[in-house]
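Participant: Using the numbering used here, you'd call the opening residue of the sequence shown number 2 and step up by one each time.
Simulated from the structure, these hints should not be mistaken for lab results. The model shown is predicted, which means the values in this text are computed figures rather than measured ones. Hints should not be assumed to be uniformly reliable.
What the hints assert, rightly or not - Derived DEER-like restraints, expressed as beta-carbon distance ranges: (1) F225 - G58: 18 to 26 Å; (2) V285 - G212: 41 to 49 Å; (3) P119 - T213: 48 to 56 Å; (4) G72 - A214: 33 to 41 Å; (5) R56 - V31: 32 to 40 Å; (6) L55 - R123: 35 to 43 Å; (7) A220 - R56: 19 to 27 Å; (8) L281 - G30: 28 to 36 Å; (9) L115 - M52: 29 to 37 Å; (10) F225 - G30: 17 to 25 Å; (11) S210 - S57: 37 to 45 Å; (12) G3 - L115: 20 to 28 Å; (13) L155 - W216: 31 to 39 Å.
Positions of the beta carbon are idealized from the N, C-alpha and C atoms, including for glycine.
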Amino acid sequence: MGELLGVAAAMLSSALGGAAVGATRYVAGVIDPVALGAFRFGIGFCLLLPMALLRSGESWPAPRDWPAAAGLGCCSSVCSRCSSMPRCTTRPPRAARVALSALPLLTMAVAGVLRVEPFTRRKTVGVLVAMAGVGLALLSGLRTAPPDAWRGDLLMLAAALCMAFYSVGSRPLIRRSGPLTFTAMAMAVGALCLTGIAWQGGRFAPVVSFGTAQWLAIAYLGVFGGAIVFFLWAFALGRTTPTRVAISVTVNPVAAGLVGAWLLAEPLRWNLVVGLLAVLAGIVIAATGASHEQIGSSERDGA
Numbered sequence: 002m003g004e005l006l007g008v009a010a011a012m013l014s015s016a017l018g019g020a021a022v023g024a025t026r027y028v029a030g031v032i033d034p035v036a037l038g039a040f041r042f043g044i045g046f047c048l049l050l051p052m053a054l055l056r057s058g059e060s061w062p063a064p065r066d067w068p069a070a071a072g073l074g075c076c077s078s079v080c081s082r083c084s085s086m087p088r089c090t091t092r093p094p095r096a097a098r099v100a101l102s103a104l105p106l107l108t109m110a111v112a113g114v115l116r117v118e119p120f121t122r123r124k125t126v127g128v129l130v131a132m133a134g135v136g137l138a139l140l141s142g143l144r145t146a147p148p149d150a151w152r153g154d155l156l157m158l159a160a161a162l163c164m165a166f167y168s169v170g171s172r173p174l175i176r177r178s179g180p181l182t183f184t185a186m187a188m189a190v191g192a193l194c195l196t197g198i199a200w201q202g203g204r205f206a207p208v209v210s211f212g213t214a215q216w217l218a219i220a221y222l223g224v225f226g227g228a229i230v231f232f233l234w235a236f237a238l239g240r241t242t243p244t245r246v247a248i249s250v251t252v253n254p255v256a257a258g259l260v261g262a263w264l265l266a267e268p269l270r271w272n273l274v275v276g277l278l279a280v281l282a283g284i285v286i287a288a289t290g291a292s293h294e295q296i297g298s299s300e301r302d303g304a
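From just these sequences and the hints, can you work out the full model?
Facilitator: Laid out in structure tokens, this is it:
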């Protein structure tokens, strides 16, 4: 039951993260990506800190885990910055789908190399099937990609790699402390990093002209795209393996296409329907089977 609950939390995190893309696009043209990330992490931390202080069932990361937690917080902030920058070189939906389709494979590779999670035939097949589903959903947009789209794609791949290291590295810390306290600490470090960079470069200047709509978009991004998304991701990592968590993001671009067909009267193409079925099949394949997973020695020692 814990495995399925973890996968469900990861899928909800991915769905909310996809919805936050709209808020990001709304303000991305008037504020620097680093400043936007600072707001996202800062608001998320301010929301999570009181809940973490009041929660009695979790402990804060031990001093020996502080360097790792700080490093993972910086890693998540780098991921946020890279994922916000490609808007100038590729279309945002395409950029997001590149990262989301690559994340499961990168996470499985990182987890296997670091011996945190073993390679298994079932998970490998599930990841490949889900990625094939994302590829099918992308078929209709390949001919309309901008000439320099590869630059944005590389940035999104870098963001996916950072997220893969974050997912693999944070799991033992989450299991030793708790998803709420770990996420609050990691977001605090990420907020400090991004705020320092943005403040030094004068990147907060545009906010003086923000109206109610812009501030509501930033608040939505901080609450749903920051605090809730990262907490659900950490909650999922505490209950299932990094690969099973990461594969859940493949539902994001397909779901976005279905929402577009429903709300915006966009054509519902055959590749989107087949892609959705392939993604769901891949998630089922990877998330079922043997419930016991081998973990790395570092995680066993800390349990």
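Participant: Each hint needs a verdict: does it hold in this structure or not?
Facilitator: Verification of the hints:
no. : hint                    : verdict
1   : F225 - G58: 18 to 26 Å  : holds (24 Å)
2   : V285 - G212: 41 to 49 Å : holds (45 Å)
3   : P119 - T213: 48 to 56 Å : holds (51 Å)
4   : G72 - A214: 33 to 41 Å  : holds (36 Å)
5   : R56 - V31: 32 to 40 Å   : holds (37 Å)
6   : L55 - R123: 35 to 43 Å  : holds (40 Å)
7   : A220 - R56: 19 to 27 Å  : holds (23 Å)
8   : L281 - G30: 28 to 36 Å  : holds (34 Å)
9   : L115 - M52: 29 to 37 Å  : holds (31 Å)
10  : F225 - G30: 17 to 25 Å  : holds (20 Å)
11  : S210 - S57: 37 to 45 Å  : holds (44 Å)
12  : G3 - L115: 20 to 28 Å   : holds (23 Å)
13  : L155 - W216: 31 to 39 Å : holds (32 Å)
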